[in-house]
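Each chain, letter by letter, is given below.
Number of protein chains: 2
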Amino acid sequence: MPRVSQDHLDARKRQILDGARSCFARHGYEGATVRRLEEATGLSRGAIFHHFRDKESLFLALAEDDVLRMTDIVAEQGLVQVMRELIAPPAEGDHPADWLGTRLEVSRRLRTDPEFRARWAARSEQLTKATRQRLLRQREAGNLRDDVDVDVLTSFLELVLEGLVSHLAMGLPADDMDPVLDLVEETVRRHRRGF
Amino acid sequence: MPRVSQDHLDARKRQILDGARSCFARHGYEGATVRRLEEATGLSRGAIFHHFRDKESLFLALAEDDVLRMTDIVAEQGLVQVMRELIAPPAEGDHPADWLGTRLEVSRRLRTDPEFRARWAARSEQLTKATRQRLLRQREAGNLRDDVDVDVLTSFLELVLEGLVSHLAMGLPADDMDPVLDLVEETVRRHRRGF
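Protein chains in written order, with the working numbering: chain W, 1 to 195; chain S, 1 to 195.
Hints should not be assumed to be uniformly reliable.
[Stated by the list, open to error] Pair by pair, the computed Cβ-Cβ distance ranges are:
hint : chain 1 : residue 1 : chain 2 : residue 2 : range
1    : S       : 143       : W       : 35        : 56 to 66 Å
2    : S       : 190       : W       : 28        : 22 to 32 Å
3    : S       : 126       : W       : 33        : 51 to 61 Å
4    : W       : 117       : S       : 31        : 49 to 59 Å
5    : W       : 56        : S       : 115       : 23 to 33 Å
6    : W       : 26        : S       : 53        : 29 to 39 Å
7    : S       : 88        : W       : 117       : 21 to 31 Å
8    : W       : 175       : S       : 122       : 15 to 25 Å
9    : W       : 77        : S       : 116       : 13 to 23 Å
10   : S       : 172       : W       : 28        : 34 to 44 Å
11   : S       : 143       : W       : 118       : 13 to 23 Å
12   : S       : 126       : W       : 171       : 18 to 28 Å
13   : W       : 149       : S       : 146       : 24 to 34 Å
[As the list claims (entries may be wrong)] Some chain S residues well away from chain W (every beta-carbon gap over 10 Å; in silico):
hint : residue
14   : 47
15   : 68
16   : 111
17   : 117
18   : 166
19   : 176
Since the hints were derived computationally from the structure, they do not count as laboratory data. All residues carry an ideal CB built from backbone N, CA and C; glycine is no exception.
Can you build the whole structure from these sequences, using the hints too?
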């Protein structure tokens, strides 16, 4: 029954991706050795690399998976919600904070690896597009300020997200970031609170 | 005459710092070889390392020098002006765009080197303090919004600066950033333009 096989395959891939995500988050890309990936996924290296050609392919699958999940959140709740999940993971759910590990490695490669930069452009464009579309819908609904171009608001939000990733990458505390993200959110909205 | 000696010493140090700054900006820290530092400064390695113990000391002197210059700009014109100079160096003046090279190396070390992070904390605090003081003066002058805490506004501006540095580090274009920085500036001001 090929359908069952496909389900089994998907579940196994999901198990590997979830384990690998927390492994990259904890140890970084370089530190995520095959032995640690085995521990984190509960699978042998044979099983892991049956599904993913090598560590690089595994990382890219993870990064693409994360972009899809971020895109979903953006579509429903906006880019600021992605930022909030970066700094304050919910107690339940599937470890949104682990995004940071992948995101940091993506940022590092974008800075140091022009080839990766070219390959990543399409993925990055997905998130920009989702952010832009969300803002356009918000504008139609009358929730967005209308004196600033949507492209400018999109770039603004992306710039703050990148700043937040960088902030966290430097090991700086994020426990005072909530009011800053409130300010960011309010900046793109129609009305200023308290005015 | 020790006074003349001191002036000569200062001028020589300045010559080395200026040359090294553009050398780091062009080639990065690792790529700024002693040979390239000689070319950029127009001085022999003997002369350079008479004034600075090693490349590391030279880099730190440069980074501290840049923080002082950024602090001066912040005091007079605010942190957004620092961002504007990062993306659009004036035709005249002493190469403010070269700050980027130093700033990127500082960011990289903050991410990867906990010891540097501890040593750098005091420098970084200077800039935060200058930003905060500038905002307090602006608030007193009635130019700043008064419904958001100055610490929150300070963190907001620093987050955007970090995002901008990261954006530039990834080789992304900054030619569409001016309206974004206008939005950032307006966000901390008392009145929204166009309202």
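Checked hints:
Distance hint check for residue 143 of chain S and residue 35 of chain W: the Cβ-Cβ separation is about 58 Å, which falls inside the suggested range of 56 to 66 Å. For residue 190 of chain S and residue 28 of chain W, the hinted distance range of 22 to 32 Å is not satisfied, since their beta carbons lie about 44 Å from each other. Between residue 126 of chain S and residue 33 of chain W the Cβ separation comes to about 40 Å, which falls outside the hinted range of 51 to 61 Å. Restraint check, residue 117 of chain W to residue 31 of chain S: a C-beta distance of roughly 18 Å breaks the suggested window 49 to 59 Å.
For residue 56 of chain W and residue 115 of chain S, the hinted distance range of 23 to 33 Å is satisfied, since their beta carbons lie about 30 Å from each other. Between residue 26 of chain W and residue 53 of chain S the beta carbon distance is about 37 Å. The supplied range of 29 to 39 Å therefore holds. Between residue 88 of chain S and residue 117 of chain W the Cβ separation comes to about 23 Å, which falls inside the hinted range of 21 to 31 Å. With their beta carbons about 21 Å apart, residue 175 of chain W and residue 122 of chain S fall inside the hinted range of 15 to 25 Å.
Residue 77 of chain W and residue 116 of chain S have their C-beta atoms about 37 Å apart, which leaves the hinted 13 to 23 Å range violated. For residue 172 of chain S and residue 28 of chain W, the hinted distance range of 34 to 44 Å is not satisfied, since their beta carbons lie about 23 Å from each other. Taking 13 to 23 Å as the suggested C-beta distance range, the pair residue 143 of chain S and residue 118 of chain W does not conform, at roughly 44 Å. A hinted range of 18 to 28 Å for the beta carbons of residue 126 of chain S and residue 171 of chain W is consistent with their spacing of about 19 Å.
For residue 149 of chain W and residue 146 of chain S, the Cβ-Cβ distance of about 28 Å falls inside the hinted range of 24 to 34 Å, so the restraint holds. No Cβ of chain W approaches the Cβ of residue 47 of chain S within 10 Å, the least distance being about 33 Å, so the stated non-interface status holds. Chain W leaves residue 68 of chain S outside its interface by the beta-carbon criterion, the shortest separation being 21 Å against a cut-off of 10 Å. Here residue 111 of chain S does not stay apart from chain W, with its beta-carbon only about 5 Å from theirs, under the 10 Å limit.
The non-interface label for residue 117 of chain S is inconsistent with chain W: the shortest C-beta to C-beta separation is roughly 6 Å, within 10 Å. Residue-level check failed: residue 166 of chain S sits 5 Å from the nearest beta carbon of chain W, not beyond 10 Å. The beta carbon of residue 176 of chain S sits about 7 Å from the closest Cβ of chain W, which is not more than 10 Å, so the claim that it is off the interface is violated.
Violation of the numbered hints given earlier is confined to hints 2, 3, 4, 9, 10, 11, 16, 17, 18, 19; the remaining hints are satisfied by the structure.
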